[in-house]
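2 protein chains.
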Amino acid sequence: MSLSEFKLINKYFKDLTAVQNDVICGIGDDAAIINIPAHKELVVSVDTLVNGVHFLPATDPYDIGFKSLAVNLSDMAAMAAQPRWATLSLTMPDNDAAWLESFSKGFKDLAQQYSVALVGGDLTHGPLTITIQILGLVATGAAIKRSGARPGDAIYVSGCLGAAALALKVLNKEIQGVSTLSASCNRHLLQPVPRIDIGNNLQGIATSAIDISDGLIADLGHILKASSVGAVIELDTVPLCKELNKVTDQDLVWQLSLCSGDDYELCFTVPSSRKDELDSKLSAVDCPISCIGVIQEGSVLRCLLADGSEYDIKAAGYRHF
Amino acid sequence: MSLSEFKLINKYFKDLTAVQNDVICGIGDDAAIINIPAHKELVVSVDTLVNGVHFLPATDPYDIGFKSLAVNLSDMAAMAAQPRWATLSLTMPDNDAAWLESFSKGFKDLAQQYSVALVGGDLTHGPLTITIQILGLVATGAAIKRSGARPGDAIYVSGCLGAAALALKVLNKEIQGVSTLSASCNRHLLQPVPRIDIGNNLQGIATSAIDISDGLIADLGHILKASSVGAVIELDTVPLCKELNKVTDQDLVWQLSLCSGDDYELCFTVPSSRKDELDSKLSAVDCPISCIGVIQEGSVLRCLLADGSEYDIKAAGYRHF
Numbered sequence: 001m002s003l004s005e006f007k008l009i010n011k012y013f014k015d016l017t018a019v020q021n022d023v024i025c026g027i028g029d030d031a032a033i034i035n036i037p038a039h040k041e042l043v044v045s046v047d048t049l050v051n052g053v054h055f056l057p058a059t060d061p062y063d064i065g066f067k068s069l070a071v072n073l074s075d076m077a078a079m080a081a082q083p084r085w086a087t088l089s090l091t092m093p094d095n096d097a098a099w100l101e102s103f104s105k106g107f108k109d110l111a112q113q114y115s116v117a118l119v120g121g122d123l124t125h126g127p128l129t130i131t132i133q134i135l136g137l138v139a140t141g142a143a144i145k146r147s148g149a150r151p152g153d154a155i156y157v158s159g160c161l162g163a164a165a166l167a168l169k170v171l172n173k174e175i176q177g178v179s180t181l182s183a184s185c186n187r188h189l190l191q192p193v194p195r196i197d198i199g200n201n202l203q204g205i206a207t208s209a210i211d212i213s214d215g216l217i218a219d220l221g222h223i224l225k226a227s228s229v230g231a232v233i234e235l236d237t238v239p240l241c242k243e244l245n246k247v248t249d250q251d252l253v254w255q256l257s258l259c260s261g262d263d264y265e266l267c268f269t270v271p272s273s274r275k276d277e278l279d280s281k282l283s284a285v286d287c288p289i290s291c292i293g294v295i296q297e298g299s300v301l302r303c304l305l306a307d308g309s310e311y312d313i314k315a316a317g318y319r320h321f
Numbered sequence: 322m323s324l325s326e327f328k329l330i331n332k333y334f335k336d337l338t339a340v341q342n343d344v345i346c347g348i349g350d351d352a353a354i355i356n357i358p359a360h361k362e363l364v365v366s367v368d369t370l371v372n373g374v375h376f377l378p379a380t381d382p383y384d385i386g387f388k389s390l391a392v393n394l395s396d397m398a399a400m401a402a403q404p405r406w407a408t409l410s411l412t413m414p415d416n417d418a419a420w421l422e423s424f425s426k427g428f429k430d431l432a433q434q435y436s437v438a439l440v441g442g443d444l445t446h447g448p449l450t451i452t453i454q455i456l457g458l459v460a461t462g463a464a465i466k467r468s469g470a471r472p473g474d475a476i477y478v479s480g481c482l483g484a485a486a487l488a489l490k491v492l493n494k495e496i497q498g499v500s501t502l503s504a505s506c507n508r509h510l511l512q513p514v515p516r517i518d519i520g521n522n523l524q525g526i527a528t529s530a531i532d533i534s535d536g537l538i539a540d541l542g543h544i545l546k547a548s549s550v551g552a553v554i555e556l557d558t559v560p561l562c563k564e565l566n567k568v569t570d571q572d573l574v575w576q577l578s579l580c581s582g583d584d585y586e587l588c589f590t591v592p593s594s595r596k597d598e599l600d601s602k603l604s605a606v607d608c609p610i611s612c613i614g615v616i617q618e619g620s621v622l623r624c625l626l627a628d629g630s631e632y633d634i635k636a637a638g639y640r641h642f
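First to last, the protein sequences are chains A and B. FYI, the numbering for the first sequence is 1 to 321, going by this note's numbering. FYI, the numbering for the second sequence is 322 to 642, going by this note's numbering.
Any given hint could be a false lead.
[As the list claims (entries may be wrong)] With a straight-line cut-off of 27 Å between C-alpha atoms, the simulated BS3-like cross-links for lysine-lysine are: (1) B:Lys546 with A:Lys11; (2) B:Lys361 with A:Lys40; (3) B:Lys546 with A:Lys7; (4) B:Lys361 with A:Lys314; (5) B:Lys563 with B:Lys635; (6) A:Lys225 with B:Lys332; (7) A:Lys7 with A:Lys169; (8) A:Lys169 with A:Lys11; (9) B:Lys328 with A:Lys225; (10) A:Lys14 with B:Lys546; (11) A:Lys225 with B:Lys335.
[Claimed, not checked] Among the chain A residues that face chain B by a calculated CB cut under 8 Å, a handful are: (12) Ala32; (13) Ile34; (14) Asn35; (15) Ile36; (16) Glu41; (17) Leu42; (18) Val44; (19) Val46; (20) Val50; (21) Gln112; (22) Val119; (23) Pro127.
For the record, the hints were derived by calculation from the structure and aren't laboratory data. Where is the CB? At the ideal position from N, CA and C, for every residue including glycine.
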């Protein structure tokens, strides 16, 4: 990192770059040095947001800063890990001070909420792109992978689905008859809440977990594939963003809630014998969870309507990659 | 990471994604899980290369893959750390199979040489940008920072300086009378060698170290600032790329060798009483080192010519940021 980079980062991110107990050397050297405590494993993930691909060019830089960290924290939540340190690589067309000020505030507000320290960074010139790598800790052996789901396990999701996809469609004026949404619905798109608290409470209970970034069907599909199992979902138990009732085309409702990205809710599986224990552990967390189905033998994911008939997810525009 | 991403990464990087002893969970889940051994500290750095900024658009993708990892390994070398794991965020305009094949081969050839495992990745669509985060290990307390240089310490650099900057100028046809260079000179620009072996041998001997990415004057300047010291350099002892003798303008020679980027050699300081010990430790390493000056009280960096007169580095186009 050059001195000018260091000055910029220190100016805009200094609240996050303070050397903590376990950060032996933070921003300002060739690399950061971190002390990893005993009996913990390191959990590592990286996510990139590209202007015009992952966010609209007109997006408030505050929201870009917030979301670029949020999607990384969401990966920590899905592993039941506690996020601790982050590096930020920011590529931007010019040193726009107002943009940086707002971006850094969004990043900081979320980072401080979860006590995440910024330990490294790279500022480069080029098309606006943000890459964040998140480092977290989990007790040895306690991380939750995608591969542990077993037949009979109950399938859960946190929060509600479809809000971010609905908000994006409305922003893009792609839904007839729906021109405005509540601030709460838009916030799901712009400032998703990483479900760290839920993830942490799943340790020792959930057999598998994933965060829903590509839509419930695709992401639950990853669990099924990694666990070599199938599943059935009861669609009337899937928690939908309530503003989806403004959408009259039912296939579109399922497209937005089951097949679209950016929900950042958790999908996880729990042995049916432990459902009460789960409810009790999560009673203090300020986010509802819903049981939406069950893991089965096989490799097929079936979606059932309220009348028991099967809904063909292809009708919602789902394509298997 | 979506399944399609996973398939692409597995196809092109599978030799690097095998789960090692200390990688409990590699690519294919929401995050990787790594076991950090006792008595080690984690060393973390990130570097981004942007098309048209950090490499010419016509650059061989093999070289882009090689160099994007090399510049990160160089940061590990400067900390005296052993690189172990990397994440790769690759933003590219389209899924160009031939490009990916070649890029991944360059990345892999270097990663395998240093036993670096790829533990995470993100593939996105957008303008070509590569962000690599490198994770390494160092014995507790053994990392070398920029801040330890003391008056009287000898200043060293590895290898020779100016080759990469000269190669770039010639590629851009910006030097009159020099149209071709040796393959070895071009390799300094396209495939810099991270000085991991030298860095590791500096543990317990060097008082400070940095890798030369922005030019010797700027990077030695970082050491001086972090250590609150000054220095004097004897210019006739600075090891120059021998093809710089094709350049007739002496100010340009100093610009290329002292003030230009991309050398990726190490600059480090050693107490003068330990110079013999240093020579002995580095005798087995296949890269020369040169003593080029001495750390002094104060905060000024002076460059002396062979006749003892001072050379004003501004004449070489150096600007202090």
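Here is how each hint holds up against the structure:
1. B:Lys546 with A:Lys11: Roughly 18 Å separates the two Cα atoms, so the pair holds.
2. B:Lys361 with A:Lys40: Status holds; Cα separation ~13 Å.
3. B:Lys546 with A:Lys7: Measuring from Cα to Cα gives roughly 13 Å; hence the hint holds.
4. B:Lys361 with A:Lys314: Outside the cut-off at roughly 51 Å; violated.
5. B:Lys563 with B:Lys635: Holds - the C-alpha atoms of lysine 635 of chain B and lysine 563 of chain B are around 23 Å apart, at most 27 Å.
6. A:Lys225 with B:Lys332: Roughly 18 Å separates the two Cα atoms, so the pair holds.
7. A:Lys7 with A:Lys169: 40 Å, violated
8. A:Lys169 with A:Lys11: Violated - the C-alpha atoms of lysine 11 of chain A and lysine 169 of chain A are around 37 Å apart, more than 27 Å.
9. B:Lys328 with A:Lys225: 13 Å, holds
10. A:Lys14 with B:Lys546: 19 Å, holds
11. A:Lys225 with B:Lys335: 19 Å, holds
12. Ala32: Result: holds, 5 Å to nearest chain B Cβ.
13. Ile34: Holds: closest Cβ of chain B sits about 4 Å from isoleucine 34 of chain A, inside 8 Å.
14. Asn35: This interface hint holds because 6 Å falls under the 8 Å limit.
15. Ile36: 4 Å, holds
16. Glu41: 5 Å, holds
17. Leu42: Holds - the Cβ of leucine 42 of chain A comes within 8 Å of chain B, reaching about 4 Å at its closest.
18. Val44: 5 Å, holds
19. Val46: 4 Å, holds
20. Val50: 4 Å, holds
21. Gln112: Nearest chain B Cβ about 20 Å off; hint violated.
22. Val119: Holds, because the Cβ-Cβ distance from valine 119 of chain A to chain B comes to roughly 6 Å (cut-off 8 Å).
23. Pro127: 4 Å, holds
The structure fails hints 4, 7, 8, 21 (numbered hints given earlier, in ascending order).
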